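Participant: Each residue of the sequence shown is one higher than the one before, starting from 18 at the first, in my numbering.
The hints are simulated quantities; they were obtained by calculation from the structure and are not laboratory data. These figures come from a predicted structure and were not determined experimentally. Watch out, some of these pointers could steer you wrong.
Computed list of lysine-lysine pairs in DSS-like fashion (alpha-carbon distance at most 25 Å, straight line) [said to hold, decoys possible]:
#1 409 x 450
#2 494 x 461
#3 524 x 450
#4 461 x 480
#5 450 x 478
#6 461 x 450
#7 494 x 478
#8 267 x 283
#9 440 x 409
#10 141 x 494
#11 283 x 184
#12 184 x 162
#13 480 x 409
#14 494 x 440
#15 409 x 524
#16 450 x 440
#17 266 x 283
#18 266 x 90
#19 90 x 267
#20 440 x 480
#21 267 x 19
#22 524 x 478
#23 461 x 141
#24 283 x 331
#25 524 x 440
#26 537 x 440
Estimated spans, in silico, between C-beta atoms of each pair [stated by the list, open to error]:
#27 300 x 373: 37 to 47 Å
#28 496 x 306: 24 to 34 Å
#29 564 x 454: 49 to 59 Å
Here a beta-carbon is modelled for each residue, glycine too, at the ideal position from N, C-alpha and C.
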Amino acid sequence: MKQRTEVRNFCIIAHVDHGKSTLADRMLEQTGTLTKYQMKEQVLDSMDLEREKGITIKSHPITMDYNSPDGTKYIFNLIDTPGHVDFSYEVSRSLAACEGALLVVDAAQGIQAQTLSNMLLAQKSGLTIIPVLNKVDLPVATPDKFADELSMLLDVEPEDILRISAKTGIGVDEVLERVVRDIPPPPPGDPETRALIFDSVFNQFRGVVAYVRVVDGTVKTGQQIVFRAHPEESYEVLETGIFRLEMIKKPQIVAGDVGYIIAGVKQIGDATVGDTVLDAGNKGGDALPGYQPMKPMVFSGLYPIETDDYEDLKAALEKLALNDAALTFEPETSEALGFGFRCGFLGPLHLEIVQERLEREYGLQLIATVPNVRYQVLMPDGEVEIVENPAKMPDPGNFEMVEEPYVLVTILVPTEYVGNIMKLATDRRGIYKEMVYLDTERVKLVYDLPLNEIVLDFYDKLKSISRGYATMDYEHKGYNTSKIVKMDMMLNGAPVDALSVLVHADKAYEWGRSVAAKLKELIPRQMFQVAIQASVGSRVIARETIGAMRKNVTAKCYGGDISRKRKLLEKQKEGKKRMKQVGDVAVPKDAFLAVLKVER
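Using the sequences and the hints, build the whole thing.
Facilitator: Right, dumping it as structure tokens:
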């Protein structure tokens, strides 16, 4: 096929809040893709959550028409990407659909942990990188300093680094010109149809809408296609098109295009992200190299408060999992919470976003159990069991050892906060690797940390003690042997499975005492005394007691023999003993949520 020299496919990569979405807004405005009446801040961030948190969660493709100063017309396919560490898998899919990337760095904050991570991803994918310093209009910006850092990092001249303000529009025209000049057009491709699915959404009326990058050939309305992972079933293409702010219908999309395909696919799992679309006459065609499928790292149980919502929760998770390749779920049962799902996430923010989307978009009320990581337990017969749920942890003495996942954490922090950050990392069982002074004001710290220690509140603590200046990135490193124990919370001697956690033996006492104190605050008083105990195996390591509600049974006894009062009090005590034997303790929803906020 003939090479389409007028097409440029690129994405924007950067750390959180360095101006990706704002730069995308300005580019849409400068190219005339949207009128000023259609423009609003974060125009590509369609979710309410994205607007509220000021972060991009989903990748968004959009096509722009650009007229260069010499009169040549170009087609730009831009994919805006997330910057938070938990959504790096979204970045990896976007890169698979591009030939180039704009690397945006805040001229006031400089290179951050996620900047480095995303840059390495782009380099591994063979993308052309255009460095851009944003927010040069800020009074505290030091573009010369950070231009030197970027030039060393990318091996380019400092003068070649663009200096812009996405907010005011300064330098955005130069960015568009550099996209034309530096990013190569897509390769010509073969005549036989092949397209990579880099994202997909589910429409209840039209089925699966696959977002694709066409690599070879053409996809047109009426064509019979198959998906490489399920070649036995073919589908007729009902509609194809490109993205503006909405989907724009086109009779066909050809090699080099980024667009969508609707083919009446009703089963969510039939058009998976990373799969290759082929012509039905070429079922044996080679699959396109997609990207590495991400494996969930953090696991939590999600349970509906109303048991009738179980089927609705299942349907909602299936729809979310369609375009969130890293979300996994399987049914599980809890004695305390009933029927729910054990879900896998990439990290704590991913868990929070999924839970909020389920509650907002699908109207569900949920309880999430304490997040856990995936442990490897070596059994006496040499078998290795994978444990994601504390309830499935074998009893002590029935296994040889436990291995827990470790991550390599890179933290960039101003020099005055180094001591506090090192103390935090040490408290969380971190193993010091190295410390590098990037300049006189910033330090890079590298630690090996157990994933279990960062899934709950490590990021919040990091931001808190550095006044928001520290940034972090992490990557999975492997498994290390560890002293992990299962800690049960018991109410009147009965374990509450939803409150069980797997913790390091050295931290069990501290954790148990904190959770017991929190539960004492939140569980209402009953007609009988309630004992809250934290136990490891048969050993109780912490205890709190909630006093019984007491009715004044002696109120009607005026004076007289004291034995009458004693008899009434003894009778009341006997009644409370009987209640204690048969009574179940009511645990409110807040108690399950509070465990997530326990100080570590």
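Participant: None of the hints should be skipped; say for each whether it holds.
Facilitator: Results of checking the hints against the structure:
no., hint, in the structure
1, 409 x 450, "34 Å, violated"
2, 494 x 461, "18 Å, holds"
3, 524 x 450, "23 Å, holds"
4, 461 x 480, "15 Å, holds"
5, 450 x 478, "21 Å, holds"
6, 461 x 450, "11 Å, holds"
7, 494 x 478, "22 Å, holds"
8, 267 x 283, "22 Å, holds"
9, 440 x 409, "33 Å, violated"
10, 141 x 494, "18 Å, holds"
11, 283 x 184, "42 Å, violated"
12, 184 x 162, "21 Å, holds"
13, 480 x 409, "34 Å, violated"
14, 494 x 440, "22 Å, holds"
15, 409 x 524, "21 Å, holds"
16, 450 x 440, "14 Å, holds"
17, 266 x 283, "20 Å, holds"
18, 266 x 90, "21 Å, holds"
19, 90 x 267, "19 Å, holds"
20, 440 x 480, "14 Å, holds"
21, 267 x 19, "20 Å, holds"
22, 524 x 478, "18 Å, holds"
23, 461 x 141, "22 Å, holds"
24, 283 x 331, "17 Å, holds"
25, 524 x 440, "16 Å, holds"
26, 537 x 440, "30 Å, violated"
27, 300 x 373: 37 to 47 Å, "41 Å, holds"
28, 496 x 306: 24 to 34 Å, "28 Å, holds"
29, 564 x 454: 49 to 59 Å, "57 Å, holds"
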